Amino acid sequence: MFIIEAAAAVLAAVSVAPEPIPTLLITGHNNHNWQYTSRVHADTLRATGRFDVTITDDPARTLADGAALGAYRLFVLDYNDIHEPRRWGDAAERNFIAAVEGGVGVAAIHAANNSFPGWKDYERMLGLMWRDGTGHGRVHEFGVEFVDRDHPITKGMAEFTTRDELYHDLVNSQNARYSLLARAMSTSESGGSGKHEPMAFTLSFGKGRVFATPLGHVWVNAEDTKSSITTPGFRTLLVRGAEWAATGAVTLPAEWRDTRTHNTLSPEEKAAGWRLLFDGESTAGWRAYRKPALPDNSGWSVTHSELAYAPGRAGGDIMTADQFGDFELSTEFKVSPGGNSGIIYRVTEDHDYPWQTGPEFQILDDLRHGDKAKATTRTGSFYDVSGCAFDTGRPAGEWNHARIVCRGGRIEHWLNGFKVVDVDLASEEYKAAHARSKWTRMPAFATRARGHIALQDHGDPVWFRNIKVRSLD
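The sequence shown finishes on residue 1853 if you use the numbering used here, and the numbering steps up by one all the way, no holes.
Calculated from the structure, these hints are not laboratory results.
All of these numbers come straight from a predicted model, not from anything done at the bench.
Glycine is no exception: its CB is placed at the ideal position from the N, C-alpha and C atoms.
Among the hints, erroneous ones may be present.
[Unchecked claim] Distance ranges between label pairs, derived from CB positions:
| # | residue 1 | residue 2 | range |
| --- | --- | --- | --- |
| 1 | Ala1815 | Glu1464 | 35 to 45 Å |
| 2 | Gly1571 | Thr1683 | 40 to 50 Å |
| 3 | Ala1471 | Gly1498 | 14 to 24 Å |
| 4 | Gly1839 | Thr1663 | 11 to 21 Å |
| 5 | Arg1466 | Asp1732 | 47 to 57 Å |
| 6 | Ala1471 | Ala1602 | 30 to 40 Å |
| 7 | Glu1539 | Glu1729 | 51 to 61 Å |
| 8 | Glu1464 | Ala1602 | 18 to 28 Å |
Build out the structure end to end from the sequences listed, making use of the hints.
As structure tokens, this is what we get:
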């Protein structure tokens, strides 16, 4: 009887699991680092399993398709037109307003409240706006205090500390009615207003629910601001606020966590020719460079379904048993504070080290490590050859997504959804960059058409998961 009852309980739990909320994340223009923030926000939402997120970097085009908007229950705003006004156009704006009035929820983040001065419907929707008279002090650490602890968004949540930009004197230009959830003291010592300022609030717009927060400031090429949107408190507030805006209720726990399953292939990935290089359980398929296996008591091990390196034991670079010519590699990685590592590819074993033949996708703590001073040695770069086109690297301890695409002499590095490096090894640009690099002393560097994929032991802890590859030969 107990077994039958337990099975029935499991089936009941499965049957009532909520469907993922179809979500459109609106971005593509901002005086802040939208390439970084938009993809982090998307991952924060997706990790809960509660949101099915589509990103548009071209909202004017996407929002103009009124029929397509009918698929969404939530809009997340990571868009700002300030300094270069970019209205979406009449059709897109009408569709957006109609969708929210009809019940689509809105979650607005940081500089979304800077946008569209004079667009009254937008200002009424978001309530508290950055307008004449608004300001902020310096980026600093401060506490976020809950004013309403009984609201579904904040109920059960722990108050938190963040390092962020604290807006003060936001303007309610349309006298919108809002309910305050959280506030923070904007101290005069930090250049603030000397009073409490709203940090999270809710509004109604027609049938639509709106959650807004001025938290989440990240400048371009300002590593010390990136943690503002990766703190657990911010992430929890965002996902719970977004779920409430979409549904009117909150089922997510009071502490954000990643619930996704890793080190697997979807049916679509299998059909596209992907295969796993790491199964999440063993180091099968990997060996030490120029050795038949990993060393005994190896610093490389499987920990929490992650292929991890921990210093203090036998180390060295490791590599795939197989070789690859034209290929696409996809993986996630994170590095320790101050850490350094890399992914080296098309490696051959006729030299002392993998980097003597293989190009490197650099992995670095861009905030603390000394190599941050040089563009060609920051995370995602083609090490010592080509820097990144976008500043999309994430802080130490946060998971990054890397893609490496090799087709003949054409090499691409992708970091967290953006192509950051595109190099043609036969081009004059590459030859000039190579001549400025350390690789001029290594004539075999980047000359191999085929080789192993190596993970670098640079003496610092580093973690990998979801390592997968497909041949492009």
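Hint check results:
1. Ala1815 x Glu1464: 35 to 45 Å: holds, 37 Å
2. Gly1571 x Thr1683: 40 to 50 Å: Hint holds: Cβ distance 43 Å, inside 40 to 50 Å.
3. Ala1471 x Gly1498: 14 to 24 Å: holds, 19 Å
4. Gly1839 x Thr1663: 11 to 21 Å: holds, 19 Å
5. Arg1466 x Asp1732: 47 to 57 Å: 53 Å Cβ-Cβ, so the 47 to 57 Å window holds.
6. Ala1471 x Ala1602: 30 to 40 Å: Distance hint for Ala1471, Ala1602 holds at roughly 36 Å.
7. Glu1539 x Glu1729: 51 to 61 Å: Hint holds: Cβ distance 55 Å, inside 51 to 61 Å.
8. Glu1464 x Ala1602: 18 to 28 Å: holds, 20 Å
When each numbered hint is compared with the structure, no violation occurs for any of them.
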